[in-house]
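Asker: Use the sequences and the hints to build the structure in full.
As given, the protein sequences belong to chains A and B, one line each in that order.
Residues in the first sequence are numbered from 1367 upward in steps of one, following the numbering used here.
Residues in the second sequence are numbered from 1367 upward in steps of one, following the numbering used here.
Keep in mind the hints are simulated off the structure, nothing from the lab.
Since the model is a prediction, treat every value here as computed from it, not as a measurement.
Treat the hints with care, since some could be wrong.
You can't tell identical chains apart in this list, so a pair holds if it fits in one copy or across any two.
Taking lysine to any residue and the SDA-like style, the derived pairs with C-alpha atoms no more than 20 Å apart in a straight line are [to be verified]:
hint, residue 1, residue 2
1, K1391, T1675
2, K1480, G1514
3, K1658, Q1623
4, K1658, E1557
5, K1539, G1605
6, K1386, G1680
7, K1658, N1632
8, K1658, A1628
9, K1658, L1370
10, K1708, G1400
11, K1386, M1537
12, K1386, D1532
Protein chains: 2
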Amino acid sequence: MRELKLAILGFGNAGRAFAKLLLEKGEEIRTVYGCDVKAAAIATGSRGSLVNEEGLDLAKALRDVEERGRFDEGDADFSRLTSMEIAGWVAYDVLVELTPLAIFSGQPAIDHIKTALSRKKHAITANKGPIAWAFSELRAMAREQGVGFYFETTVMDGTPVFNLVDETLRMCKVTEVKGILNSTTNFILEELACGKDYDEVIREGKARGFVEADPSLDIEGWDAAAKTAALINVLMGAGITPKEIDRKGIEDITRDQIEEAAARGNVIKLICYGGIEAGKVIGRVRPEEISKSDLLASIAGTSSIVTITTDLMGTISVVEEDPGIEQTGYGVFSDLLRLICKTHCE
Amino acid sequence: MRELKLAILGFGNAGRAFAKLLLEKGEEIRTVYGCDVKAAAIATGSRGSLVNEEGLDLAKALRDVEERGRFDEGDADFSRLTSMEIAGWVAYDVLVELTPLAIFSGQPAIDHIKTALSRKKHAITANKGPIAWAFSELRAMAREQGVGFYFETTVMDGTPVFNLVDETLRMCKVTEVKGILNSTTNFILEELACGKDYDEVIREGKARGFVEADPSLDIEGWDAAAKTAALINVLMGAGITPKEIDRKGIEDITRDQIEEAAARGNVIKLICYGGIEAGKVIGRVRPEEISKSDLLASIAGTSSIVTITTDLMGTISVVEEDPGIEQTGYGVFSDLLRLICKTHCE
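Answerer: Pasting the structure below:
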């Protein structure tokens, strides 16, 4: 039985959803893939860390955080090592980078991943920062070191986008991507279209958890720009950052505009776009008026869509319907299973 | 350099689209996968056959069929072997089964595939008959013989459905499938909704190539039932045939019903469904009234959709937009690439 040790950086909702899948499916992974997956370390910013290179008690770690809000300082595995120290010093096989997003730099997640790759460890991340800001460099490092680097969750939770293109659209060249990838703005635009006013929508959205305490990153299109950068960096080799995305948010959209669009049989959606202009890959985020009968118009609430056009397979779309945190956990889990399959073959 | 020899049964539009991809991408397959793909045989019903176990001239075969309507009898590789004889006697590695569909039996495609599998040859098919009528048996045979058996194209051309679940939704259990999978009925329902009458729609559809000379298999839901059977046989282990699908076509749908639905903000679509009822996998095809704002309502013309619900990843959908015959060719090609990748790893 092969052993695979994880160092998990970040143990928020996504990290815990992933850990629950590991506990639930550990036996099946041993049976199907002949691989025993263990957690060698978990790092958090404010809940302490756990390190045990023989494999720590994941069920207890989950229980402690969910019941007491932090790891148990009396635990023999309790540690004060930081995320970066764990990435650099602990003996593990796969770094699972789930720290919070720093949308304007991608740090410290980029450095965590570089540290792992430089030690010839595989890396999986659910953090779009590194993919939006430093993808080419990280991929080059992973290739040079001969290790896996997966990041399915960064654009549409566990819905296959990157793995889809890699595993099922082999030899296709992506020529265009389009999508609705920010559910906060999608929610706000829908509610405005129902006749509510802006402040009311924001207030309700915060109460229902769709809108962040500071909604400006969503409303000004930064989150959508980071996802667009990630998409076109990976699928079209753009080599750009979110700053280079031609970005316009929904902050200037008025109820009048929405009503005028509706009178024309249209809706306004915040559209992410990547394409080739004058031989160069470009990315754009902006509100666009689209027909109500268009596929994109049917993407409601927290659902999302990516439409991919390729040279050999025409245009296909993938839609994720109303995801929860379990879908993010599954995205990380599916990257781990992909890694297990790939390394099993090598 | 590894060699992989194909026996291609059927050389209609899909077969030729596949052959063009092989010619166009042969060099790239050699470079990327270290594999030299050759056609050892091509069988047709009325255009003659070609056999050359060292590899025949695919470019000439294409040219002859497209320019002269049949293979060249003066060609040294020309042969009068039938499809079944080629499946049984020629030295090849992969059977590529592209013969015309026999929707009420799946034959002779099932026997072609069995013959290949019994000789420990891999099989790829674009023919939904075998998957709708004999999937469990064929898969069991392929597993027993330790060979690959792929059939991506049978439900939605080259759009990943089966490969998607296998390669990107690992360990997920499919609990429900839903789709719009027959473009003829989708076209007819749309045209009726525009106010045209039935006979006019059928006449126009035939002229535009959307409607077959005998449209009854589409209109009565048999094509949709065969695709539903294929979907739930593969994804949910149903082990059923198209006859066991609870099937109702669009033959009784009137313009009045469509107009009444429209007045309620709805459209009528022919919906394929697979789910679990009383512990048993069941399949259903029937016209259903759905909201105009529903994702399924936006599937227009020849586009199609499959919505898959799983235990671990919630609900995702895949949409194919306006496919042409190239997409069918790519589906077969992508199965071949998958086979090359898998056998390379073993």
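Asker: Decide, hint by hint, whether the structure agrees.
Answerer: Verification of the supplied hints:
no., hint, verdict
1, K1391 with T1675, "between (35 Å within a copy, 19 Å between copies)"
2, K1480 with G1514, "within (13 Å within a copy, 38 Å between copies)"
3, K1658 with Q1623, "within (15 Å within a copy, 22 Å between copies)"
4, K1658 with E1557, "both (16 Å within a copy, 18 Å between copies)"
5, K1539 with G1605, "within (16 Å within a copy, 37 Å between copies)"
6, K1386 with G1680, "between (38 Å within a copy, 16 Å between copies)"
7, K1658 with N1632, "both (5 Å within a copy, 13 Å between copies)"
8, K1658 with A1628, "both (8 Å within a copy, 15 Å between copies)"
9, K1658 with L1370, "neither (49 Å within a copy, 49 Å between copies)"
10, K1708 with G1400, "both (13 Å within a copy, 18 Å between copies)"
11, K1386 with M1537, "between (35 Å within a copy, 14 Å between copies)"
12, K1386 with D1532, "neither (27 Å within a copy, 22 Å between copies)"
In summary, the structure is inconsistent with hints 9 and 12 from the numbered list given earlier, while agreeing with the others.
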